[in-house]
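Visitor: Single-letter residue listing:
2 protein chains.
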Amino acid sequence: MVGGGQLARMTHQAAIALGQSLRVLSVSPDDSAALVAADVRIGTHTDLAALREFAKGCDAVTFDHEHVPTAHIAALAAEGVKIYPGADTIVYAQDKQRMRERLSELGAPVPRWRPVAEAGEIAGFAAEAGGWPVVAKAVRGGYDGRGVWMLADAAAAEELVRTGTPLIVEERVPLVRELAALVARSPFGQVAAYPVVETVQRDGICVEVLAPAPGLPEERALEAQQLAIDLANALGVVGLLAVELFETADGLVVNELAMRPHNSGHWTIEGARTSQFEQHLRAVLDYPMGETSLAAPAVVMANVLGGPDGGMSIDEHLHHLFAADPGVRVHLYGKQVRPGRKIGHVTVLGDDMTSVRARAARAARRLQEGE
Amino acid sequence: MVGGGQLARMTHQAAIALGQSLRVLSVSPDDSAALVAADVRIGTHTDLAALREFAKGCDAVTFDHEHVPTAHIAALAAEGVKIYPGADTIVYAQDKQRMRERLSELGAPVPRWRPVAEAGEIAGFAAEAGGWPVVAKAVRGGYDGRGVWMLADAAAAEELVRTGTPLIVEERVPLVRELAALVARSPFGQVAAYPVVETVQRDGICVEVLAPAPGLPEERALEAQQLAIDLANALGVVGLLAVELFETADGLVVNELAMRPHNSGHWTIEGARTSQFEQHLRAVLDYPMGETSLAAPAVVMANVLGGPDGGMSIDEHLHHLFAADPGVRVHLYGKQVRPGRKIGHVTVLGDDMTSVRARAARAARRLQEGE
Chain V
1 MVGGGQLARM
11 THQAAIALGQ
21 SLRVLSVSPD
31 DSAALVAADV
41 RIGTHTDLAA
51 LREFAKGCDA
61 VTFDHEHVPT
71 AHIAALAAEG
81 VKIYPGADTI
91 VYAQDKQRMR
101 ERLSELGAPV
111 PRWRPVAEAG
121 EIAGFAAEAG
131 GWPVVAKAVR
141 GGYDGRGVWM
151 LADAAAAEEL
161 VRTGTPLIVE
171 ERVPLVRELA
181 ALVARSPFGQ
191 VAAYPVVETV
201 QRDGICVEVL
211 APAPGLPEER
221 ALEAQQLAID
231 LANALGVVGL
241 LAVELFETAD
251 GLVVNELAMR
261 PHNSGHWTIE
271 GARTSQFEQH
281 LRAVLDYPMG
291 ETSLAAPAVV
301 MANVLGGPDG
311 GMSIDEHLHH
321 LFAADPGVRV
331 HLYGKQVRPG
341 RKIGHVTVLG
351 DDMTSVRARA
361 ARAARRLQEG
371 E
Chain Z
1 MVGGGQLARM
11 THQAAIALGQ
21 SLRVLSVSPD
31 DSAALVAADV
41 RIGTHTDLAA
51 LREFAKGCDA
61 VTFDHEHVPT
71 AHIAALAAEG
81 VKIYPGADTI
91 VYAQDKQRMR
101 ERLSELGAPV
111 PRWRPVAEAG
121 EIAGFAAEAG
131 GWPVVAKAVR
141 GGYDGRGVWM
151 LADAAAAEEL
161 VRTGTPLIVE
171 ERVPLVRELA
181 ALVARSPFGQ
191 VAAYPVVETV
201 QRDGICVEVL
211 APAPGLPEER
221 ALEAQQLAID
231 LANALGVVGL
241 LAVELFETAD
251 GLVVNELAMR
261 PHNSGHWTIE
271 GARTSQFEQH
281 LRAVLDYPMG
291 ETSLAAPAVV
301 MANVLGGPDG
311 GMSIDEHLHH
321 LFAADPGVRV
331 HLYGKQVRPG
341 RKIGHVTVLG
351 DDMTSVRARA
361 ARAARRLQEG
371 E
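As given, the protein sequences belong to chains V and Z, one line each in that order.
For the first sequence, the residue numbers in the UniProt record's numbering are 1 to 371.
For the second sequence, the residue numbers in the UniProt record's numbering are 1 to 371.
Keep in mind the hints are simulated off the structure, nothing from the lab.
Given the structure is predicted, the values throughout are model-derived calculations rather than measurements.
Glycine included, every Cβ here is placed at the ideal spot set by N, Cα and C.
One should not assume that every hint holds.
Subject to a maximum C-alpha distance of 25 Å in a straight line, what follows is the list of computed DMTMM-like cross-link-like pairs (lysine to aspartate or glutamate) [what the hints assert, rightly or not]:
| id | chain 1 | residue 1 | chain 2 | residue 2 |
| --- | --- | --- | --- | --- |
| 1 | V | K56 | Z | E316 |
| 2 | Z | K56 | V | D286 |
| 3 | Z | K82 | Z | E53 |
| 4 | Z | K335 | V | E219 |
| 5 | V | K82 | Z | E316 |
| 6 | V | K335 | Z | E316 |
| 7 | V | K56 | Z | E53 |
| 8 | V | K342 | V | D95 |
| 9 | Z | K342 | Z | D95 |
| 10 | V | K56 | Z | D59 |
| 11 | Z | K56 | V | D315 |
| 12 | Z | K56 | V | D39 |
| 13 | Z | K56 | V | D30 |
| 14 | V | K342 | V | E256 |
| 15 | Z | K335 | V | D39 |
Example chain Z residues on the side facing chain V (calculated, C-beta under 7 Å, incomplete) [unchecked claim]:
| id | residue |
| --- | --- |
| 16 | Q13 |
| 17 | I16 |
| 18 | A17 |
| 19 | V36 |
| 20 | A37 |
| 21 | G120 |
| 22 | P288 |
| 23 | G290 |
| 24 | E291 |
| 25 | S313 |
| 26 | H317 |
| 27 | H319 |
| 28 | F322 |
| 29 | G327 |
Start from the sequences, fold in the hints, and give me the full structure.
Guide: Next up, the structure:
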């Protein structure tokens, strides 16, 4: 796995169960996965020579993030490396303009959008799309709320354009809530779909995932799953595809695509019969897909973020949490605490979504802030 | 963790979730845990200098097996190393004679037994204990059916005694079935008990574990749990204690003790809210214990043993298994296949014990023998 973050860390846990060991290409020996994997190579994902050396002897190569240049991926594939998802596929998770174009071609539901180079174009789009505010997105490189701007007026648009960031602009979708549909697809073409979840964001960062999405009508859940399956097939995804969706009064709208284990799927470690991490490995290693059914009627994952002071003793907080709620499942990523940084997550399973959600939120708060 | 077998391998998976990384003292770099852990030291558990070097900088030291000399454990403890279970405790899992003596003192239910040095003593015991056959056990070093002999007559006793192995002899208990009671105890003295399971043996090797033990009356389950809790307290166990039990028409009898993650607890990885591996870590790191409740009404673990030809392609068999039953959980240990060697296990969760057991047995057979 290229990239040594928490996704690679948790993928390593899944690899161990399959009798495998994950080789990790990590920028630093202190990265989450580098701290726990047996076979760590230090190198940069933008360095083709490092990637080539890394890939030698791997059964398959896949990614913890979407920042590997597609030219490098294509070069390795041409040399016979089994590398998934391929360059022609992952580009739609790297480049929001290409993604919007392709989804529009495929007839998938997307917001009104436009590539823009000048502030005047943004103002023009705003005038057509129902007025300010509009949403500007960096074509490349955004994550966790970075690279997304809510523009209130022409002045804000002007300021953003001056940074020189390549942008697209989108209408602000009047959303009821956000959902995510996670599927995995093997090279053989088998696709498995997880139950559709609700994702709860704060400041652009996912803080909670509710599985299954509470009160989602079955036909809408099926529609979301079918949409994700169709996109996985159309884009030729191998591995996981997470489709981030807006639920609106008028139906579903695709927000973003990710092609790797995804924060919206962390609940599957305990909450589904097959975790997304194992599923991703099964896909890229061309094994048959695993069962995706829920392990409990209600599953909630809550992210644990570094507190504003950054000075918490996670170990002490963990003691308090374990004493207070012995049934919470904890995943810590071995990261230095920084304000707002995802340093772990908790998962709670139960029968009733309201109480499960309250327990998960309390547990995350306890890890962040102590008692 | 001293020892690099599958127990350390699975403990590493649990350590990762807790934000830790397991350091492993492994005899060989090919050992199960050495293949997947980030911090592996090669050395022998009987070498005090290696143990001392290994322990430097560890928060706590514990064991994947019971073969570390108690003198070494005591020496490290005297030097300030947090090492669990301690020498005065683990001796009861190392030395069957000491274990039987101590259990007899504590009034725990044990078979009639006697230390023996001569064949005549075995014959004398057999005469007193209801006749042949009787069970002879090596005082030290037995596991997975090794070090246990069913003696049919005086000639067999004579032959065994001639090997010079220090022995105890026990009556053959007329058992209904075998059970196991697993508890974990922290240095603080908190004890958590798992549901009592049935263990199914073949040729002295555990092949299946049924959780909870089917049809076990609640009062007998509570009795087994209480017995394990009492023993953990009386022996000062820190970490896991597995009490292997015979269920007889007249009640429970203690067969063996183990003080580490145990094969009878592998089902807890998916089948209980807290896995035995995390629980062991929580105990030796002095965290509060985790919830032990079942994740499904019926959970079955089946061991996967190397087939007689030793030539199976585990990878091909895994493909078949995943295609045939996408809901089976698989754990492979990264071991070379040898006849009868435990190379992995499978776990199935469900509502009905009969069908869950059949699925688990079929899955283990598929991994062992293919279609």
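Visitor: For K56 of chain Z and D39 of chain V, compute the direct alpha-carbon distance and say whether it is at most 25 Å.
Guide: holds, 23 Å
Visitor: Given the hint that K82 of chain V pairs with E316 of chain Z, does the C-alpha gap stay at or below 25 Å?
Guide: Holds. K82 of chain V to E316 of chain Z sits at ~18 Å (cutoff 25 Å).
Visitor: Given V36 of chain Z as an interface hint, is the shortest Cβ-Cβ distance to chain V below 7 Å?
Guide: holds, 5 Å
Visitor: Is K335 of chain V within 25 Å of E316 of chain Z, Cα to Cα?
Guide: violated, 37 Å
Visitor: Run the distance test for K335 of chain Z versus D39 of chain V: straight-line Cα separation, threshold 25 Å.
Guide: holds, 17 Å
Visitor: Does K56 of chain Z pair with D286 of chain V here, judged by a C-alpha cut-off of 25 Å?
Guide: Outside the cut-off at roughly 42 Å; violated.
Visitor: Given G290 of chain Z was flagged as interface, is its beta-carbon under 7 Å from a beta-carbon of chain V?
Guide: This hint holds: G290 of chain Z lies near chain V, its Cβ roughly 5 Å from the closest one there, short of 7 Å.
Visitor: Would the stated hint for G327 of chain Z survive a check requiring a Cβ distance to chain V of less than 7 Å?
Guide: holds, 4 Å
Visitor: Given the hint that K56 of chain V pairs with E53 of chain Z, test it: the Cα-Cα distance must not exceed 25 Å.
Guide: violated, 34 Å
Visitor: Quick one, are K56 of chain Z and D30 of chain V close enough, alpha carbons at most 25 Å?
Guide: Distance ~20 Å between K56 of chain Z and D30 of chain V Cα, so the pair holds.
Visitor: Is the hint on A37 of chain Z kept, meaning its closest Cβ partner in chain V is under 7 Å away?
Guide: holds, 6 Å
Visitor: Would you check the hint for K342 of chain Z and D95 of chain Z, treating anything up to 25 Å between C-alpha atoms as holding?
Guide: holds, 24 Å
When the structure is compared with the earlier hints, violations turn up for hints 2, 4, 6, 7, 10, 21, 25, 26 and for no others.
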